[in-house]
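A.B. asks: The primary structure of each chain is shown beneath.
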Amino acid sequence: MMTPRGPFRLWLLALSASLAAALLWVISIGEVRIPAGEIIDVILGNISGADPRAVIVLSIRLPRALAASAVGAVLAGSGVVFQGVLLNPLAEPYTLGVATGAAFGASLAITLRLPFIPPFAFAGGVAALGLVWILGHGGRDSSSSTRLILAGVIVGSVLGAGITLIKALAGDQVGVIVLWLLGSFSLSSWGDVGWSMASALLVLLLGIFWARDMDVISSGVNPRSLGVDDRKTVGFLLFGCSLATAIAVSISGIIGFVGLVVPHLIRLVSGPSHARLVPLSVLGGALLLLLADTAARSLGELPVGVITALIGGPIFCFLLWRGR
Amino acid sequence: MALLSVSGLKVTLGSSEVLKGIDIDLLEGQIVALLGSNGSGKSTFLAAAGGIGRRSGGSVYILGDDIDSLSRREVARRVAVVPQQTGFLMPFSVMETVLMGRFPAAGRFAPLSREDAQAARAALDAVDLGSFGDRLVTDLSGGEAQRVAIARALAQDTPILLLDEPVSALDPRHAMAVFRLLDSLKKEGRGIIVALHDINYALRFADRIIFLKDGLLHEPPSPRLVDEKLLGRIFDTQWRLETLSSGDRAAFPLA
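Same order as they appear, the protein sequences are chains D and L. With my numbering as the guide, the letters of the first sequence map in order to residues 1 to 324. With my numbering as the guide, the letters of the second sequence map in order to residues 1 to 255.
In case anyone wonders, no lab produced these hints; they're calculated from the structure. None of the values given here were measured: they were computed from a predicted structure. A hint or two may mislead.
Unchecked claim - Here are the simulated DSBU-like pairs of lysine-lysine, each with C-alpha atoms no more than 35 Å apart in a straight line:
| id | chain 1 | residue 1 | chain 2 | residue 2 |
| --- | --- | --- | --- | --- |
| 1 | D | Lys232 | L | Lys229 |
| 2 | L | Lys229 | L | Lys213 |
| 3 | L | Lys10 | L | Lys213 |
| 4 | D | Lys232 | L | Lys20 |
| 5 | L | Lys10 | L | Lys187 |
| 6 | L | Lys229 | L | Lys10 |
As the list claims (entries may be wrong) - Calculated from the model, a selection of chain D residues having no Cβ within reach of chain L, i.e. all distances over 10 Å:
| id | residue |
| --- | --- |
| 7 | Ile60 |
| 8 | Gly220 |
| 9 | Arg224 |
| 10 | Val228 |
We put the beta carbon where it would ideally sit given N, CA and C, even for glycine.
Okay, chain D solo, but in the shape it has when bound (with noise of 0.2 Å):
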């Protein structure tokens, strides 16, 4: 199969562009349209902040945007990751029970009324990443990669059940799981935003400087004969990219076929080479997840999960059926 490569700049700035865009486009519609100027002038100070666009914008609308932007850039850049430096084109946060993992701790968390959730999720998360590696994990071949998926769907499972165990003891705190776990970008608050766009970050950096380290490690050579120390490699970039994706299952709650989809759909254009992928996987992420979640919106506040199920799963299938 020839892979059809564009110029990377090319495609860079095309979705630079139409991320850009699409928040303007997003924060304009909804109950009270604001057009594009308005919003600019908005960011810019111009309108005054007691406005009531200006607090639609700048309490509501944005900050629920730049997170639901983040999020999709840290599914789709740790989707990048976790299938490079795995060797599996089907790891992701969630097939590898990671985005459960975390979920399970963050649910555990509030449960017991903690007044920290994040770190807890990244407990899980890791945790749940550390079986799924143990289990799964039996050498370079194929077999091995088949198996690391199956520890992640039965380890994502049992933490699933877990997590439906908690629910029923949880007493009055259930709802908060509920809604927590439903994963929405409604209640975004600036916080949110300055974590999801830490964790964004985190992922764009790891992938960028790691880009070389993660060619040599899909290439299929032993990455040890040219310089890379695989395990430790590997583990570094597991860890810091389920911190990241601990970090925005704590916004989101539980988001699939982002992290898997974007960097399949983004390879098309690409190829394999970490230094174009990884920058144009957390862009499309971005712009998925941000596009999901005004659909979700739009539907009346639908769990934006099922958005993007409905538009991965088709996607997904469609690049399997491309690739026999």
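Using the hints provided, position chain L relative to the given structure of chain D.
C.D. replies: Frame of chain D, contents of chain L only:
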């Protein structure tokens, strides 16, 4: 000083001791041919000596430094290993793949330079794949893929090259070209160990021929002293060795 100095190298895989104490010094400007039956430990030896495989005991010194004291990156600046199986997974282009050979020297953050690109192109030319830069490695034939792996090692530009059956998938013309290439690398002062199955390439191109059998290394004092009896003992089969009119020697397994 030896480029590569291996002493007392032991490797245990599972419950079997594959290598039971190997000593060898690889000097500048040498091609050492490594032969032995299937499963005799040739690949295990090359991987351990190149720092990419398991080592249960003994020491490996590279350019005078203990391999355990060097970072992986530093080892890869000194030793290039061409694996027996290329195992290309992702559809990187041939050029991208060969450029990976430049990563150890380039470091993590420095962009690849024009010299890197030139070195990669030269390496591709050297294996007769000059026009293959944009092809995808996943689309190549076995022999082409093997030559890409050799080119990647050439691009590493290391003083030591360890090659594991580098011509097993090559047609005779390209196999001969690879040996002529190794010969010219040796004349630049590099040290090369090449695992082989065909004793005739070893007789023709190697400065030293070493044999692995039962976990131990056997080396005749000179390749000229490789005879039918020695080959018979190593490979458990009968051989005929003949001297051709050119003066080269050729060996044939008989039974």
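A.B. asks: So, for every hint listed, does it hold in this structure?
C.D. replies: Now for the hints, and whether the structure bears them out:
Distance restraint check for Lys232(D) and Lys229(L): the Cα-Cα separation of roughly 48 Å exceeds the 35 Å cut-off, and the hinted pair is therefore not satisfied. A distance of roughly 15 Å separates the Cα atoms of Lys229(L) and Lys213(L); the hinted pair therefore holds under the 35 Å criterion. This hinted pair checks out: Lys10(L) and Lys213(L) have alpha carbons roughly 14 Å apart, not beyond 35 Å. This hinted pair checks out: Lys232(D) and Lys20(L) have alpha carbons roughly 30 Å apart, not beyond 35 Å.
Distance restraint check for Lys10(L) and Lys187(L): the Cα-Cα separation of roughly 31 Å lies within the 35 Å cut-off, and the hinted pair is therefore satisfied. For a cut-off of 35 Å, the pair hint linking Lys229(L) to Lys10(L) stands: about 27 Å separates their Cα positions. With 10 Å as the threshold on Cβ separation, the claim that Ile60(D) sits away from chain L holds: the shortest Cβ distance comes to roughly 41 Å. Distance check for Gly220(D) against chain L: the nearest CB is about 4 Å away, which does not clear 10 Å, and the non-interface claim fails.
Once the 10 Å rule is applied to beta carbons, Arg224(D) is inconsistent with being away from chain L; the minimum gap is 4 Å. With a minimum CB-CB distance of about 7 Å to chain L, Val228(D) fails to clear the 10 Å threshold, and the non-interface call is violated.
Hint compliance for this structure: hints 1, 8, 9, 10 are not met, and every other hint is.
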